[in-house]
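Asker: Chain by chain, the residues:
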Amino acid sequence: MNLPLNIDLRQILLHMLNFVILAFGMYFILYKPVKEFMEKRRKIYETTDKEAKENLAKADSLKKEYEEKLSFADEEIKKSREQSELQANSDAAKIIAKAQKEAEDILNKSKKQAEYESKEALQRANREISEITVAAAKKVVYKDTREAFDAFLESAKGDADGGK
Amino acid sequence: MSKKQRIISVAIFATLIILILSGIFLIKTPINNADEISEVMRDAVLHEREKISIFGISVNPGLVSAYTVTAILLLLALIIRIFAIPKFKIIPGKFQLLLEQAVGTFDSLAEEKSPHRNKFLSFYIFAAGSYIFMGTIFELFGVQAVTERGSPISLPAPLADINGAIALGVMSYGVILIGGLVANGIGGALKALKDFSLPISMSFRLFGALLSGALVTELVYYYYSLSFVLPVIVGILFTLLHAIIQAYVLTMLTAQFYGESTENKKEE
Chain A
1 MNLPLNIDLR
11 QILLHMLNFV
21 ILAFGMYFIL
31 YKPVKEFMEK
41 RRKIYETTDK
51 EAKENLAKAD
61 SLKKEYEEKL
71 SFADEEIKKS
81 REQSELQANS
91 DAAKIIAKAQ
101 KEAEDILNKS
111 KKQAEYESKE
121 ALQRANREIS
131 EITVAAAKKV
141 VYKDTREAFD
151 AFLESAKGDA
161 DGGK
Chain B
165 MSKKQRIISV
175 AIFATLIILI
185 LSGIFLIKTP
195 INNADEISEV
205 MRDAVLHERE
215 KISIFGISVN
225 PGLVSAYTVT
235 AILLLLALII
245 RIFAIPKFKI
255 IPGKFQLLLE
265 QAVGTFDSLA
275 EEKSPHRNKF
285 LSFYIFAAGS
295 YIFMGTIFEL
305 FGVQAVTERG
315 SPISLPAPLA
325 DINGAIALGV
335 MSYGVILIGG
345 LVANGIGGAL
355 KALKDFSLPI
365 SMSFRLFGAL
375 LSGALVTELV
385 YYYYSLSFVL
395 PVIVGILFTL
405 LHAIIQAYVL
415 TMLTAQFYGE
425 STENKKEE
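Sequence order for the protein chains is A and B.
Quick note on numbering: the first sequence equals residues 1 to 164 in my numbering.
Quick note on numbering: the second sequence equals residues 165 to 432 in my numbering.
So that you can see chain A by itself, here it is in the shape it has in the complex (with noise of 0.2 Å):
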């Protein structure tokens, strides 16, 4: 077959063969394995992104769960502060309830204690005048002053005596 321009398929032929052939060694020369390697790289690089972000995942929800924790905990020591506080308030009422109550006893014992005494004390020296008066009119009774001053004196340190 005579083709223009010196067209020879059997060089055509020629030339796919040293294609083909230099297509394949390329491919399994160089292609392949650089191909090969950037795809690796690839992977670590993808594998290391995600690592990094399942890292940031947790670390986000860690850190959310401390502060979770650490908000119920200000909340439980404001409660159990407010709990203390009140305790105290009521203990302390309770302490000044009594001590009050103590000293109104107190006073109370105190009180009685001094209106016994005092009427006691009236009724003793009720009970002196009285003698007083009828020593005196023992005295007016003794006609003698002087027998009747000694009677006096006898009668007087008598009473004292008796008295302690």
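Hints in this document: simulated from the structure, not taken from any laboratory.
Ideal placement from N, C-alpha and C gives every residue a C-beta, glycine not left out.
Just so you know, not all the hints are guaranteed correct.
DEER-style ranges, computed between Cβ atoms [to be verified]:
no., chain 1, residue 1, chain 2, residue 2, range
1, A, L17, B, I364, 18 to 24 Å
2, B, E276, A, E36, 18 to 24 Å
3, B, M416, A, E67, 52 to 58 Å
4, B, F189, A, F24, 50 to 56 Å
5, B, G257, A, D60, 34 to 40 Å
6, B, I184, A, L17, 44 to 50 Å
7, A, D60, B, Y412, 43 to 49 Å
8, B, M416, A, F24, 19 to 25 Å
9, B, S318, A, F24, 26 to 32 Å
10, B, D359, A, D60, 52 to 58 Å
11, A, L13, B, I184, 46 to 52 Å
12, A, F24, B, E276, 22 to 28 Å
13, A, A52, B, N428, 32 to 38 Å
14, B, R369, A, L13, 19 to 25 Å
Sample of chain A residues lacking proximity to chain B, with all beta carbon distances greater than 10 Å (derived) [said to hold, decoys possible]:
no., residue
15, I77
16, K79
17, K157
Could you slot chain B onto chain A? The hints should help.
Answerer: Just chain B, lined up with the frame of chain A:
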């Protein structure tokens, strides 16, 4: 360096250049092989005269270049595989970065243009891209070969040979077709078949672009007076830029059409 020294050295340089230039223009050089420029150009396109024999098959020099490029690429790949890849680190060094960039560029191109199905495509455009790039750069080294007539020839870019260009264009189309067939059944294949001009356009785009580079270089080198500063510019324009641009264009187009033929309609 003092001012005087500088002036002297510049003057020496200038006289040298003037002497050489005058020699070039004054001496009439006979063109030895008597290869007419038209003949050379015609042969660069059609390869009627300059053939190389491998294993008894008479082939265009481009085919020899193609196998040489494959050998070089595979050797390079092997060296990289043995010495560089086991030392790969998670944080890449400069060379590793370059390699990963090369693989990653084609990979992301495939992924971007053909989101539904791109494993095979990525590898195919990686191979095609490196083949086109290396094949075009290969022209710069000017590896010599002996033709059947016994004259030396510097090996051209493999894709400047029309057979090589057609092979790559048709293969790319085949990849698109088969990708469509596998992904979407007959519908996908039909979708690829709709663009029946694709293999032709892809083949001839490669062929034209690389041949133009070869032809202009040939033309420039044919005349002595043009062989001075100009080849640097031409070399960069037609070789380095083509190497990058053509590698990008073919891989991009393949990825684009592959993506269209493997597009998953059910998902939409």
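Asker: The structure should be examined with respect to each hint, and the outcome stated for every one.
Answerer: Hint by hint, here is what the structure shows:
no.	hint	result
1	L17(A) - I364(B): 18 to 24 Å	holds, 22 Å
2	E276(B) - E36(A): 18 to 24 Å	holds, 21 Å
3	M416(B) - E67(A): 52 to 58 Å	holds, 56 Å
4	F189(B) - F24(A): 50 to 56 Å	holds, 54 Å
5	G257(B) - D60(A): 34 to 40 Å	holds, 38 Å
6	I184(B) - L17(A): 44 to 50 Å	holds, 47 Å
7	D60(A) - Y412(B): 43 to 49 Å	holds, 47 Å
8	M416(B) - F24(A): 19 to 25 Å	holds, 23 Å
9	S318(B) - F24(A): 26 to 32 Å	holds, 29 Å
10	D359(B) - D60(A): 52 to 58 Å	holds, 55 Å
11	L13(A) - I184(B): 46 to 52 Å	holds, 49 Å
12	F24(A) - E276(B): 22 to 28 Å	holds, 25 Å
13	A52(A) - N428(B): 32 to 38 Å	holds, 35 Å
14	R369(B) - L13(A): 19 to 25 Å	holds, 21 Å
15	I77	holds, 51 Å
16	K79	holds, 56 Å
17	K157	holds, 131 Å
When held up to the earlier numbered hints, the structure conflicts with none and fits them all.
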